[in-house]
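Asker: Below are the chains, spelled out letter by letter.
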Amino acid sequence: MSLSSLFALTLPTTVPLQGFLAVAAVLFCTGVWGLINSRNAVRVLMSIELMLNGVNINLMAFSSYLDGQLIRGQVFTIFVITVAAAEAAVGLAILLSLYRNRDTVDMERFNLLRW
Amino acid sequence: MSIADSTQFLCFLALSAAVLLGALGVVLLPNIVYSAFLLGGVFLAVAGLYLLLNASFVAAAQMMIYVGAVNVLILFAIMLVNKKETLAAIPGLGVRRILSGAVCAGLLGLLLRVDFTTPWALPGPVSIGEGATIRIGEHLFSDYLLPFELASVLLLMAMIGAIVLARRDVFSSDVITGEGVDQGLIEKARTPLLLEKNLQIQPVLEKTP
Numbered sequence: 000m001s002l003s004s005l006f007a008l009t010l011p012t013t014v015p016l017q018g019f020l021a022v023a024a025v026l027f028c029t030g031v032w033g034l035i036n037s038r039n040a041v042r043v044l045m046s047i048e049l050m051l052n053g054v055n056i057n058l059m060a061f062s063s064y065l066d067g068q069l070i071r072g073q074v075f076t077i078f079v080i081t082v083a084a085a086e087a088a089v090g091l092a093i094l095l096s097l098y099r100n101r102d103t104v105d106m107e108r109f110n111l112l113r114w
Numbered sequence: 000m001s002i003a004d005s006t007q008f009l010c011f012l013a014l015s016a017a018v019l020l021g022a023l024g025v026v027l028l029p030n031i032v033y034s035a036f037l038l039g040g041v042f043l044a045v046a047g048l049y050l051l052l053n054a055s056f057v058a059a060a061q062m063m064i065y066v067g068a069v070n071v072l073i074l075f076a077i078m079l080v081n082k083k084e085t086l087a088a089i090p091g092l093g094v095r096r097i098l099s100g101a102v103c104a105g106l107l108g109l110l111l112r113v114d115f116t117t118p119w120a121l122p123g124p125v126s127i128g129e130g131a132t133i134r135i136g137e138h139l140f141s142d143y144l145l146p147f148e149l150a151s152v153l154l155l156m157a158m159i160g161a162i163v164l165a166r167r168d169v170f171s172s173d174v175i176t177g178e179g180v181d182q183g184l185i186e187k188a189r190t191p192l193l194l195e196k197n198l199q200i201q202p203v204l205e206k207t208p
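Residue numbers (numbering that gives the first Met the number 0), protein chains in the order written: chain A, 0 to 114; chain B, 0 to 208.
Do not rely on the hints blindly, as some may be mistaken.
[Stated by the list, open to error] Facing chain B, a subset of chain A residues (Cβ under 8 Å, in silico):
#, residue
1, Thr-13
2, Leu-16
3, Trp-32
4, Met-45
5, Ser-46
6, Ile-47
7, Val-54
8, Ile-70
9, Val-74
10, Ile-77
11, Val-79
12, Val-82
13, Tyr-98
14, Glu-107
15, Asn-110
By construction, these hints were calculated from the structure, which means they are not laboratory data. C-beta: ideal position from N, C-alpha, C; glycine also.
For reference, chain B alone in the conformation it holds in the complex (with noise of 0.2 Å):
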């Protein structure tokens, strides 16, 4: 039991707490910007842990893609969506939360049981520890090769896909006076095609003289 063992498990308490109240204050707080920067926090505290477990690469990736990249796509999502909005009362949302409470105190104690119990075959070979993202590296080329490819694939067919969805209908030229317009500054002003009928609004263009 040397000092950099118990610091480690110093860490270990340390991060698993800021992982779990994190989550916590991201399902449960009212403010949803909150939410969001606790999640960053809670993506740091996971890359942290990332790092007890000798894996340094894993760790990098995880602060770019879900730190740098996801909260931030998060983020962008609430600030182009936030809308001050009072929620309807549902009848039985009380009920509904403590079931749904229930079923998952079940799912963590089964799980919690399955953990403590099985006898895992340790202790396992010993760690690579520093070679870990050379092996990665190995891995990825070799055997992993088709899935590597694959993913590639993935992220483009994702990335044309959101660009897609996300993308507005623009006028490129006014209406009224016809000039042309900066395609990302006007929006069509025609009513949410899906809206329920008694929440129409009238559009926009109408007012005009």
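If we strip away everything but chain A, and leave its shape as in the complex, we get (with noise of 0.2 Å):
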């Protein structure tokens, strides 16, 4: 039996759709807990680009089976990445400034709009 013909026998055809889907299914709710429930800031922003990257690969996966043509998704990958890149120069410019004025990354001692 060759190599390939062992495959066959244990593997689907193609990579399903549906893989892609949970794949970022996963990844999206893996950012959610760790926006919740990190403690750091600099961790709550890089659990945000997992979310967003979760978005991505939904995007992508769509536009690559059910959009072939024209490949829509894929330009709003493009966007999606640009709005990240600035959400994470200006979230890290303003941990900083808040670090200044804070002396601290924890996020539960900035409570400066608790009432």
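Hints are included, so try docking the two chains, each in its own frame, into the full complex.
Answerer: Structure follows, in structure tokens:
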């Protein structure tokens, strides 16, 4: 039995769309959990990047499987990457400013707006 | 079923495992420097997934922007705010973690159920393959021209805003001796305005004779 026929017995013929969507869902939920539970502000920003990547995988998978000719999902992914870069720059600048004023990166002590 | 298909499937499994384990590491590892480097690994693996989806341009953009810019920016932020601090214990943290974990697991279950029960309109149109880059260019300069231009304005605003927010207030001359100082090296020795009262530290300037 050759190697390829061995693979043919065990694996599906192509990567299914559902596989990509499942990876994206798990990545997104990991990001949400990290966003809620992180106490370091830098890690919160990293969790946001994880969530954005999960959304991007979704867009790319749909673009490749369901919209193969007019790949609009890829264009949307490029816009999401652009906005994510801008968000990271501004978020880290805000974080630096907060760190100078509060002398900590603990999210639990950023309670300036609590009433 | 060719050897290429099975290779593709094995690549998908390996990249997915890298993405998911890396994401868990980013969220769970106690050392944030390890988290940042693992985040770079996650971005690289996602770029590999894009390559599996016939999107070489977006994969390259992902590598350059996420791995090259965003991840380096995060590492810079970690270096700028690195301060060993012991986080104060918070009552009910464990309960909060478990509750939020349950909420996230529920969200994951919902998404996976939608994923596996929806009858997707497969197979769709045949994939454009290598012509994707040309098609993206056509999109960006015809029907997505306005968002493209707005994105450039957004990036400019974000750049200026980041500079304004992160800039230090510096003296152009030394307070005591009156000599000119290197702008980048001295920072105003004042107490942060918003510290809690019991944490106020004495300004450094009062100690000089």
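Asker: If a hint holds in the structure, say so; if it does not, say that too.
Answerer: Now the hints, each set against the structure:
Taking 8 Å as the C-beta contact cut-off toward chain B, the hint placing A/Thr-13 at the interface holds, the least distance being around 6 Å. Interface hint at A/Leu-16: satisfied, since its Cβ lies 6 Å from the closest Cβ of chain B, which is below the 8 Å cut-off. Hint status for A/Trp-32: holds, given a least beta-carbon distance of 4 Å to chain B, under 8 Å. The beta carbon of A/Met-45 comes within 5 Å of a beta carbon in chain B, closer than 8 Å, and the hint placing it at the interface holds.
A cut of 8 Å between beta carbons decides the hint on A/Ser-46: the least distance to chain B is about 6 Å, and the hint holds. Against a cut-off of 8 Å between C-beta atoms, the interface hint on A/Ile-47 is violated, since the closest Cβ of chain B lies about 11 Å away. The beta carbon of A/Val-54 comes no nearer than 11 Å to any beta carbon in chain B, farther than 8 Å, and the hint placing it at the interface is violated. Interface restraint check for A/Ile-70: the shortest CB-CB distance to chain B comes to about 6 Å, inside 8 Å, so the restraint holds.
For A/Val-74, the interface hint holds, since its Cβ comes within 8 Å of a Cβ in chain B; the closest pair sits about 5 Å apart. A hinted interface residue such as A/Ile-77 counts as satisfied when its beta carbon comes closer than 8 Å to some beta carbon of chain B; here the least separation is about 6 Å, so the hint holds. Hint on A/Val-79 is violated. Least Cβ distance to chain B is approximately 10 Å, over the 8 Å limit. The criterion of a C-beta within 8 Å of any C-beta in chain B is met by A/Val-82, whose closest approach is roughly 7 Å, and the hint holds.
Because the beta carbon of A/Tyr-98 sits about 5 Å from the nearest beta carbon in chain B, less than 8 Å, this interface hint is met. Below 8 Å, beta-carbon pairs count as interface contacts, and A/Glu-107 has one with chain B at about 6 Å; its hint therefore holds. Taking 8 Å as the C-beta cut-off, the interface hint given for A/Asn-110 is violated, the closest approach to chain B being about 10 Å.
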